[in-house]
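A.B. asks: Got chain A sorted already, so can you dock chains B, C, D, E and F with the ligands onto it with the hints?
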Amino acid sequence: MKLVTAIIKPFKLEEVRSALTDLGLQGMTVTEVKGYGRQRGHTEIYRGAEYVVSFLPKMKIEVVVPANSVEKAVEAIIRAARTGQIGDGKIFVSPVDHAVRVRTGETDESAI
Amino acid sequence: MKLVTAIIKPFKLEEVRSALTDLGLQGMTVTEVKGYGRQRGHTEIYRGAEYVVSFLPKMKIEVVVPANSVEKAVEAIIRAARTGQIGDGKIFVSPVDHAVRVRTGETDESAI
Amino acid sequence: MKLVTAIIKPFKLEEVRSALTDLGLQGMTVTEVKGYGRQRGHTEIYRGAEYVVSFLPKMKIEVVVPANSVEKAVEAIIRAARTGQIGDGKIFVSPVDHAVRVRTGETDESAI
Amino acid sequence: MKHGLLRRLAALVGAATLAALIATPALAVAPTPNKGDTAWMLTASALVLLMTVPGLALFYGGLVRTKNMLSMLMQVFFTVCIICVIWVIYGYSLAFSEGGTFNSFVGGLSKAFLAGITPDSTAETFSDGVVIPEYAYICFQMTFAAITPALIVGSMAERMKFSAIVLFIPLWATFVYFPIAHMVWYWAGPSATVQAAKSLASAAPDAKAAAQAAMDAVSANAGLAFQWGAIDFAGGTVVHINSGIAGFMGALLVGKRVGFGREAMPPHSLTMTLIGAALLWVGWFGFNAGSALEASGTAALAMINTFVATAAAALAWMLAEKFAKGKPSLLGGASGAVAGLVAVTPASGYAGPMGALVLGIVAGVACMFMCSAVKNAMGYDDALDVFGVHCIGGIIGAIGTGILASPALGGTGIFDYSAGKVADYDMVAQVITQAKTVCLTLVWSGVGSAILFTVVKALVGLRPGTDQEREGLDLVDHGERAYNY
Amino acid sequence: MKHGLLRRLAALVGAATLAALIATPALAVAPTPNKGDTAWMLTASALVLLMTVPGLALFYGGLVRTKNMLSMLMQVFFTVCIICVIWVIYGYSLAFSEGGTFNSFVGGLSKAFLAGITPDSTAETFSDGVVIPEYAYICFQMTFAAITPALIVGSMAERMKFSAIVLFIPLWATFVYFPIAHMVWYWAGPSATVQAAKSLASAAPDAKAAAQAAMDAVSANAGLAFQWGAIDFAGGTVVHINSGIAGFMGALLVGKRVGFGREAMPPHSLTMTLIGAALLWVGWFGFNAGSALEASGTAALAMINTFVATAAAALAWMLAEKFAKGKPSLLGGASGAVAGLVAVTPASGYAGPMGALVLGIVAGVACMFMCSAVKNAMGYDDALDVFGVHCIGGIIGAIGTGILASPALGGTGIFDYSAGKVADYDMVAQVITQAKTVCLTLVWSGVGSAILFTVVKALVGLRPGTDQEREGLDLVDHGERAYNY
Amino acid sequence: MKHGLLRRLAALVGAATLAALIATPALAVAPTPNKGDTAWMLTASALVLLMTVPGLALFYGGLVRTKNMLSMLMQVFFTVCIICVIWVIYGYSLAFSEGGTFNSFVGGLSKAFLAGITPDSTAETFSDGVVIPEYAYICFQMTFAAITPALIVGSMAERMKFSAIVLFIPLWATFVYFPIAHMVWYWAGPSATVQAAKSLASAAPDAKAAAQAAMDAVSANAGLAFQWGAIDFAGGTVVHINSGIAGFMGALLVGKRVGFGREAMPPHSLTMTLIGAALLWVGWFGFNAGSALEASGTAALAMINTFVATAAAALAWMLAEKFAKGKPSLLGGASGAVAGLVAVTPASGYAGPMGALVLGIVAGVACMFMCSAVKNAMGYDDALDVFGVHCIGGIIGAIGTGILASPALGGTGIFDYSAGKVADYDMVAQVITQAKTVCLTLVWSGVGSAILFTVVKALVGLRPGTDQEREGLDLVDHGERAYNY
Ligand SMILES: Nc1ncnc2c1ncn2[C@@H]1O[C@H](COP(=O)(O)OP(=O)(O)O)[C@@H](O)[C@H]1O
Ligand SMILES: Nc1ncnc2c1ncn2[C@@H]1O[C@H](COP(=O)(O)OP(=O)(O)O)[C@@H](O)[C@H]1O
Ligand SMILES: Nc1ncnc2c1ncn2[C@@H]1O[C@H](COP(=O)(O)OP(=O)(O)O)[C@@H](O)[C@H]1O
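Chains as they are written, first to last, in the working numbering: chain A, 1 to 112; chain B, 1 to 112; chain C, 1 to 112; chain D, 1 to 485; chain E, 1 to 485; chain F, 1 to 485.
Honestly, the hints are just simulated from the structure, not real lab data.
Fair warning: there could be bad hints in the mix.
[As the list claims (entries may be wrong)] Listed below are the simulated DSS-like cross-link pairs for lysine-lysine, each with C-alpha atoms no more than 27 Å apart in a straight line: (1) 72/B <-> 34/C; (2) 327/E <-> 375/E; (3) 34/A <-> 34/C; (4) 256/D <-> 327/E; (5) 325/E <-> 256/E; (6) 67/D <-> 34/C; (7) 256/D <-> 375/D; (8) 457/E <-> 327/F; (9) 325/E <-> 457/D; (10) 34/A <-> 67/D; (11) 436/E <-> 375/E; (12) 457/F <-> 325/D; (13) 72/C <-> 34/A; (14) 67/D <-> 325/E; (15) 34/B <-> 322/D; (16) 457/E <-> 322/F; (17) 322/E <-> 67/D; (18) 327/D <-> 67/F; (19) 34/B <-> 327/E; (20) 256/E <-> 327/F; (21) 436/F <-> 375/F; (22) 67/D <-> 327/E; (23) 327/D <-> 457/F; (24) 34/B <-> 67/F; (25) 34/C <-> 67/F; (26) 34/C <-> 327/D; (27) 34/A <-> 67/F; (28) 457/F <-> 322/D.
[As the list claims (entries may be wrong)] Just some of the chain C residues that point at chain A, by a computed CB distance under 10 Å: (29) 17; (30) 20; (31) 23; (32) 27; (33) 30; (34) 56; (35) 60; (36) 62; (37) 94.
Since the model is a prediction, treat every value here as computed from it, not as a measurement.
The beta-carbon is built from N, C-alpha and C at its ideal position, and this holds for glycine as well.
Chain A extracted, bound-state conformation (with noise of 0.2 Å):
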């Protein structure tokens, strides 16, 4: 099992899920997260004070799948969350030893 954690704009998220789901991924865990990288900030001003912010809102899904379901989840992903401009995200791909569902303790794949 791996998990696939994608970094997206936070307008994809809709898109995102939707092409996961046509996978039969069943699930997944949305996290809100700040983002740096390569696409710039903007500058706030309050009165005297101006701030670069840096950090950009961004999307974390997290979506943890068979080793087999990887490679279609990775590109269902980009293919959902790409505009072709800067920001547009990454995706982690990295190993899970176990799964388990709390609800009835099956574990590993039949767990996600």
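C.D. replies: Using the frame of chain A, we list chains B, C, D, E and F with the ligands on its own:
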């Protein structure tokens, strides 16, 4: 060392925390996340507009433990977080190479 | 490639970010989290009700780096984030199999 | 200004003749409103609405968890709306018209649908010959009828179904509020009283009996507590004790919130609570100073008392907290302010500013003690402390009014219409009358509310399921969320 | 109280002489303001500002997404500021001075820069011989001029550039609001009317023609719709239909929001929306009851109607929602309240409370239907339902006023200054007049707004780029964020 | 309306006799309040409380970081409460009673505990023979005493301990506010002045010297700045310069916030700041128009000026920002509005609307420049720009009043009670008098505040520890958090 990640129902946080501390696990990190899964969401209506909200509030608990504590930790979490109803959540276990305590520079098992 | 995860005190974020960019690490993702550990929380009182709040606000920084940069990154974070007081936080290093840049489809080291 | 000296009228009536004659120069001409009074009463009505929405809605809303914020706002808002409607249909009539056989307890239906009232209709104030447009009076009293049941919902916050609220509120207004308002505030008015007293005084010996009978009839044309002589300037009894005890019954009958005592339930936004408390304060000037029904020195007295008691109670609560728990809190300050406002309500037109100061301090400390020590010891879940603040604060105010109205303590005393001057003040008698009225209200509203909650429970149930309660009433009852940041 | 009986004056003038003579005892002395009226008008002006900022700003702001919150607040706030300034420079003069050749459509510039006005200047109310300080009148009318264009911006929320708003608002006020206000509300005033009627009645046979000409001149010295006899107590036409149709045009011409219909766009804070709705309600008492221009029984009537129609409409919307969608929502309640407020605006001083009740129910249900079924079917993106609530609610109110003003339905009828009493009521004629005025406003404002939007588009463009719209107007237009929690 | 023509009285007194006699028809009868005035003053007092809580509390609270929100609310709320209490105990007496030997600087204790005041007591307005209930006057002035020290806390926001605030505020009120209010606003009142002038004018030759002495005594029975002839309609000097310079001292003595200049400290909720700014505007009508003490044309003038100057200053700040930084911001607009309100405060009853327009523009631009360029250059940490907005805006207003009060510029001039008419206007002399009063205030309040901060520092310390400051004052001082979403 392993990272145990549990996604649970928010109101179970306190019980899970005390189950883990009972095991002697002294640290953990918690994130508010939104989960998508079998548990169905709800519909929100604002004047003429209806929205199906499929992401539900969940808590993500991350705790890095010595490899030999993984099993105990997973069991403790299951016991504390289970309600028996859909949406109880998942536990994922993944590898961690190193750990460092910022304050002292201690590493690995003595860091957690 | 490795994922370096640092949990730090919130007001240290800016210093850690600039320490990392000084190393040439051009991207990172930040999440607001709550931490439980040795650092004690506080008590909140609302009329008749007292609550012990044991979770403290922390920042989680995630940065994926080439394997050979891990050490430098960890050191930079420690230097920037340390105050010497309890609650300074932890750094965890874990493996990453792949990385992809959504915009271009570039993979692995050229993606980060 | 409510008062109850009618029963002493007959005795005093001889001496009063001259004064009464002077005070009523032109009996033939119907009095017209002074525009200054009208301006103030319109303003006061707007202020009391401000107290309720957004004031009370925010004060309460800030104290619940995010997932129930909207339901809290909705319950208060709904209450205001439904009461406005039933008030013009039959509420005003039940509270403020002559009730025939049951006149001691409740009014009749002669003014249902506001029958016969036009822009030229007037209502009497507490000064003989001074009137305001009746529509203004109806508006002002409407806002009182609206806020009182809205206060109750705080007790059952976070766990009572909206459908149960929808049923309970109009029932409670009908069977509890309108009668209590009638019992405490309804009377024949100054002009009838003065007239009857004058006739009696000037009656030829053979007409004395008839004049006395007429006088008695006027005196009897009043609500029960008014006949007793109870004084309640702006509604300590009618509004606060009344809603406070109803809330207490609700908290008991609805039961504790899921997770009560185990899970943390901190207020989701003390910012909103502070906004609410501040708007309550601002609006309460309409409530208290408006209860003078005139833009007069008495209104100004009510206003200064409302400033002073509130400030003193807020400081007292904070200070008590500082000693008891180590830190003065904003919630403490805001709660103290409300406790002070509650306590000064019945006294605002009777006590002097120094009396109000003392009253505020007592209310601040006592209510703080009720909402922490006593409540924790007894273990009921009065979620937003409606009982501890409104019922207890109201009782302190009602009894305190009996004490502080005394001219010896800087109070105004009670005006005697037949004598045309302030009467001698009997503090013990007045305190006993006040206590009787408190008991009447506690029993009527306590029993009445318990019955109504039971009826509602039987009809639609009081609570949502446990899972629904966990999800929050906002989504379950209303399908929307207070915030989508 | 606006009314339009001038054209019937001549016919009635004979019978009216006596009444008019009685009503005008001392013609030589310039009337001075009653301080009660002044107090109320000052209060009313403050209340109308409260309606707009923070009221309307929050009502609207709560409904947009977080990233556009600040832009919403800014657009409303800017509108108030720019209107206050142009109002004293030329707006008041264009709306409320004699306009010479174009007097049927717009005023002149004789009062530009408030020339000649001092603290002692007075403005007439609707009662002969009753005046208020002209500065108070200017303030009160200024707040109306400010809120009307501010209502429009809700239609184009979340996607119209600030620079376009900055250009559009003063243009719209100048070419649409000031003329419409003049057409509906400007007239020669009660004293001139009564004078002319008296002269005519007492004119010797050989002077009849001259007196008649003078009478005609006075009758003609009024805005177009006023001459028609349209009645609009507090601005159903001038404020709500006017802004509602302008908003509709704006929504069409600016186009839909990026993601409209595909992405969820839930209100970011219904808490703010409820605060806003409540402050609108509170402030609307100034708006409606203040439109009596006196602290009178009519003001009190306007106030009670504003209570009742609002409450009824809120309940009606919630109930309709309960049946249509299963759950009554807070947004529904708040929207219903605003719909009720809008609908009762023109009727508030004419209808009786039971009429207001019915009007509220109709407005609540009809506007709910417009904002869900009709809007969804037609697919335009009127982001905050300015058309569905203000234009539709305004039309219901304008027509409803023609019906409910009838004394037979508990209304006040229309006062006839020459007869010194309420005139016979011809409901059909009045409804037709009301409908004509509605059409005049729809056409003038609809066409005018479309032209102005097109002009502004040509000059600076209406919308930001797609990426900028996604980022949100707060950062793009103002470089700041509403919240940094 | 405060004015200072007493020193010129003697010269003019001959010509004034007739006018004075006409203006005072019935000397024997004690005047009673006009209910319109009373209605307005009650309303105005409520409005000024609204300005402070929630207005100012939210304006300030929105600008701090989340972790200090509650402490900000608490500091403002506490200030209001403690001032209300000390005001009735001794504050009113120190500010507005005769002070014996020190009468030029401070009042006495004859009215401590509001001794001798009843609902029938009256206070004089600025018109001879016009009075309001003294309780209403005390309430109104109480709200001024409350908001002034509350303004100060913004300077030391986010870093001053609550215990230090608790000590500082009552000390500052006692040693700075009450004296300054006395110096600028206390005088013998119109009736004594007119009486003395009349006696002098009609005195037989042999009684002239005695009459002149009596006249001199009346003239001398006033605060220092009042004797100089300073004019300050609603408190530009007493409220804004006074608190602004105190805040500046506080910012210097407390020191900069931890992280100042290195960490981002954006406002946590500009939504709250806008609500606060809007409520400040709405409430300020009570502040300025209420300062007329009557529901008069002058009150209406103060109201329109308060509309116009505020709007103009908001637009000016936004425009200046647009040029200087590229984008107009909501915070800029709100800050500009407050700057305009501050500047128009002393001028509101003296300038004409066009004067107010100019004053607003100047204040908007100048304060914007102070709060960005100058502050950044000098590097002090006046967290919420109390100095830049209130002190600078107040000075612009105080000097501007001297210019704009001139009838030649559309102002009202200054009323001369002995002549019974507006006096000739000497602009240079008036500006010099205004400048003297500004200096008096800067020195008294600047030095006084510095001493008091030093005393408080010695007693309890001013700041929490660095870690505590980082954690935020909400948890450290009050043990609660503003939000638990
Ligand atoms: N090395 C990294 N580790 C973790 N997150 C990263 C890293 N680099 C980029 N990110 C995340 O990806 C987002 C997009 O990256 P950015 O460089 O702005 O654009 P692009 O993905 O188009 O190259 C960032 O905002 C950040 O959240
Ligand atoms: N494959 C997955 N990867 C990551 N998170 C998941 C995955 N499947 C489920 N989750 C998380 O677990 C939560 C619970 O899952 P759900 O299917 O609703 O119920 P259950 O755990 O009872 O099967 C989801 O809300 C989501 O946050
Ligand atoms: N075992 C762990 N797994 C995950 N996070 C941890 C663990 N232990 C500590 N943390 C995180 O590190 C933070 C700091 O830890 P703490 O014990 O308070 O201080 P210190 O880092 O100085 O030892 C905690 O608030 C928590 O977020």
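A.B. asks: List, from low to high, the hint numbers that the structure doesn't satisfy.
C.D. replies: 15, 31 and 34
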